[in-house]
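Could you slot chain L onto chain Z? The hints should help.
So the protein lines, in turn, are chains Z and L.
Using this note's numbering, the first residue of the first sequence is number 1, and each one after it goes up by one.
Using this note's numbering, the first residue of the second sequence is number 1, and each one after it goes up by one.
These are calculated hints, taken from the structure and not from any lab test.
Derived pair list, reagent style SDA-like, types lysine to any residue, alpha-carbon separation capped at 20 Å:
| # | chain 1 | residue 1 | chain 2 | residue 2 |
| --- | --- | --- | --- | --- |
| 1 | L | K183 | L | V173 |
| 2 | L | K445 | Z | L392 |
| 3 | L | K445 | Z | S286 |
| 4 | L | K403 | Z | D52 |
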Amino acid sequence: MAAPLVLVVLAAVTVRAALYRSSLAAFIAERVEVASPLNAWKRVVEGLALLDLGVSPYSGAIFHETPLIIYLFHFLIEYAELVFMITDILTAVALYLAIQDYNKVVFKKQKLLIELDKYAPDVAELIRTPMEMHYIPLKVALVYLLNPYTVMSCVAKSTCAISNTVIAFFILATIRGSAFLSAVFLALATYQSLYPITLFAPALLYLLQRQFIPIKPKSKSFWLFTMQYAALYLCSLVVVICLSFFLLNSWDFIPSVYGFILSVPDLTPNIGLFWYFFAEMFEHFSLFFVCVFQINVFFYTIPLAVKLKEHPVFFMFVQLAIISIFKSYPTVGDVALYMAFLPVWSHLYRFLRNIFILSCMLIACSLLFPVLWHLWIFAGSANSNFYYAITLTFNIGQLLWAADTPHVLEHFHVWMKRMFTSF
Amino acid sequence: MLAVGLVLLLAAGLGQGTTRGVLREELLLRPLPVGDVAAVFQFRTRWDADLQQGAVSHYRLFPKALGQLVAAHGVRELHLALTQGFWSTQSWGQPPLGAPAGAELWVWFQDTVPDVDKAWKELSNILSGIFCASLNFIDSTNTVTPTASFKPLGVANGTDHRLLRYAVLPREVVCTENLTPWKKLLPCGSKAGLAVLLKAERLFHSSYHSQAVHIRPICRDASCLAVSWELRQTLTVVFDSFTSGQGKKDWSLFKMFSRTLTDACPLASESKVYVDISPKNKEKQLLEVTPTPTSVHEAIVQGDKTTYAVYDLLSPVLFNTSRSLNVQLKWKRPEDSSELSTPIMHAQRYVSGYGLQTGEISTLIYNTHPYRAFPVILLETVPWYLRLYVHTLTIITKGKENKPSYMHYQPAQDRKRPHLLEMLIQLPANSATKITIQFERALLKWTEYPPDPNHGFYVSSSVLSALVPSVIAMKDVNVEESPLFTSLFPSSDGSSYFLRLYTEPLLVNLPTPDFSMPYNVICLTCTVVAVCYGSFYNLLTRTFHVEEPSRGGLAKRLANVIRRLRGVPPI
Chain Z
1 MAAPLVLVVL AAVTVRAALY RSSLAAFIAE RVEVASPLNA WKRVVEGLAL LDLGVSPYSG
61 AIFHETPLII YLFHFLIEYA ELVFMITDIL TAVALYLAIQ DYNKVVFKKQ KLLIELDKYA
121 PDVAELIRTP MEMHYIPLKV ALVYLLNPYT VMSCVAKSTC AISNTVIAFF ILATIRGSAF
181 LSAVFLALAT YQSLYPITLF APALLYLLQR QFIPIKPKSK SFWLFTMQYA ALYLCSLVVV
241 ICLSFFLLNS WDFIPSVYGF ILSVPDLTPN IGLFWYFFAE MFEHFSLFFV CVFQINVFFY
301 TIPLAVKLKE HPVFFMFVQL AIISIFKSYP TVGDVALYMA FLPVWSHLYR FLRNIFILSC
361 MLIACSLLFP VLWHLWIFAG SANSNFYYAI TLTFNIGQLL WAADTPHVLE HFHVWMKRMF
421 TSF
Chain L
1 MLAVGLVLLL AAGLGQGTTR GVLREELLLR PLPVGDVAAV FQFRTRWDAD LQQGAVSHYR
61 LFPKALGQLV AAHGVRELHL ALTQGFWSTQ SWGQPPLGAP AGAELWVWFQ DTVPDVDKAW
121 KELSNILSGI FCASLNFIDS TNTVTPTASF KPLGVANGTD HRLLRYAVLP REVVCTENLT
181 PWKKLLPCGS KAGLAVLLKA ERLFHSSYHS QAVHIRPICR DASCLAVSWE LRQTLTVVFD
241 SFTSGQGKKD WSLFKMFSRT LTDACPLASE SKVYVDISPK NKEKQLLEVT PTPTSVHEAI
301 VQGDKTTYAV YDLLSPVLFN TSRSLNVQLK WKRPEDSSEL STPIMHAQRY VSGYGLQTGE
361 ISTLIYNTHP YRAFPVILLE TVPWYLRLYV HTLTIITKGK ENKPSYMHYQ PAQDRKRPHL
421 LEMLIQLPAN SATKITIQFE RALLKWTEYP PDPNHGFYVS SSVLSALVPS VIAMKDVNVE
481 ESPLFTSLFP SSDGSSYFLR LYTEPLLVNL PTPDFSMPYN VICLTCTVVA VCYGSFYNLL
541 TRTFHVEEPS RGGLAKRLAN VIRRLRGVPP I
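Next comes chain Z alone, as it looks inside the complex (with noise of 0.2 Å):
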């Protein structure tokens, strides 16, 4: 199983180093699409330029990463293309282990269900046979690290993909039942990129079923454990703050990384929501929408948690998913992440509505980004409607996407328990 792991690896490798031996790289990596101002890799390289000049990288409104990455790429700006391959080949093999071992769990609920006759008799073709699930983890793997979008962040040399792999740590620790790691990278990741604090419902939901906790309020032990998983990833998030601070011995960087983040001062076009939306908006007004658009990203988490509380996985997915819809600068990295995990649900596809068009929309979306931004930008022959139009249909498309899929999740364990459920 490991060889064609290795295979993928080396062709993924392979690909990165001839793009950034290319002329494309640098066409790629001035791309909006893939670099935003929250990790292009410029802004990386003025902060370390600024901090060179002894001046603070906070004190201007260029540099918005987090201390510890300015210092993780002060001692490694020579290969930096080496750590940016690195953290994409990690990310994979992280994803891989860890729907590794979800399959596992999969196969074994499924058995067992089997085993109690709890199936409708007619869904036999709709059991998941060992011979599919085997190659799951390849697939996932195979989809991240070949994936378009990941491969042009990575030879954009984007910090999003280093926030990817943290995450997928997180993903990884969680499934293998760690509740002390899964915090820490859960901690690290909201300290890179501040949204994932929603996955804590996630990941809580997947530890306590992992446990045979029941999800009572009223079980005392559903308390215990959701208290010391909570203050493991506080304590981490201090940790990790405290260290900034005491690296840059100064809090500038809460207001430029965070109040950057959440207030978006930036309007440079991206393939989000957010830019075109507060370039537009009368200033009286802009605040209150600020609110009303940062809160999406936190405001399905709770009744999501509610609905797919029997599947934390494919929670994190769809968490995953609105965080690239609603994040206030999203690239197409983030987007990469939770396509990675499509292949895991590939058994739903049969159920799903519209996936043609909807995939036509995404990869047609793709090719038009670059082609509408020269219209507007260098051609002068298109204004920024144009742009502003390919990112709505993009967005619409990612959207239909995810808020899809837990339709068809729902309709296919209630249609697999039919029997069960219908008397």
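Chain L in isolation, oriented as in the chain Z frame:
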């Protein structure tokens, strides 16, 4: 009794006399190499009173509006210039008084001022009222605190640069409405003296117009135990006499200003007209001035020896023959293809790159001195919406990297403050230094664009301050005696002189949103968010049940009966 009264009166008169101001007015006419003529007016009011004490209530020559301003806001030094056009150093030589296009204001505050930013804001608002200029647009987004470029020009005991504020409004258009209040500050207004020449319709029919106000404390005497206040009002104008004079380079006061001089300002203690008649090539005197000057003055200005024909308006000889003075200059023979003597230092700046995403600002600084190198301080102020990347800064001289010996960089903050870049660069002899820095163009909120967004955004001139080596060693001269045009900048030592140059302002386009779209964008984006909300709401509230296929309701049965009759499979 009478004697005592007389003595008292005399004493009072003397007392008055000591705090009385001294006004000197001066006009310098300088033919420029390409055939244009530069006219520099300077009006200098010197007042031996201490404005800062607040005890001054009686104003005579010194304008009260400015005097009160200085006293109330703790101003130590104030320099305001309003300029239309661009002084082309390359073809006109070094400017007598440099100024950037638009409005420039720099102020040193007293160290007793508690809140410099507040005082600066109030000051710019008041000046905006006094000079009818848009100086009220000076705010934190275009104000910087340079550390090295702007030193106090007057007496100062300490140069803590936190007391300095500097701002340029490159978009400011200078017109008659700015000239009238400026003229009103003159003791004689435009009624008498040199100021009668200041007619707006001629002054603004020119290639370059720059008016300035400089207020600074100066030493009252050689021992410098007390300070006097100096107000210098300067006006520089460049007439294109070559094209307006039918291809001839001859000019006269009447031709340029459509006025002639009749008398000196009665309040002035000195009123002189200087005409630059320095021979360009040593052998022959090529030009002729009429009437005959009252005297000839030789001075070393900007490192070079120059000869001036002087007309003293206060000397009775001048108005003996005619009632008015109309200085004329004639070239004896058409100058044979006058080769331009290139100034020792000149600079140019431009924006390169295409598209609206990124760009590059390039500054070229030339040192044409054959064998001497000198350092220059470059000050760049770039608005926040051009995001400068300081790691892309390159300074190349003669194909080699030139490392600045001092560098101060303050990055911009969005909607708060501009980028400030100050560098001390050594310019080797006979070299061109190219400084480039890349920037990214920001997309602004639609309300932040000016009414004509596609016109572009101005980036103010960069400032070059240098001690340029002079050709001829300068002698120490008494500042009070020498002509005004030599005495604004303090001279350091004999071998070099201070020069401040301003480069071109830049015009940069930014990407624009569609200004007609706010409602559409708000509606469309909110629709997407609502679709998302709808889908998730649907998911969260719906429960799935498997329904066994039933016979269906009455309608279905009826439909099936009909379908069966039609021969179509039932539903």
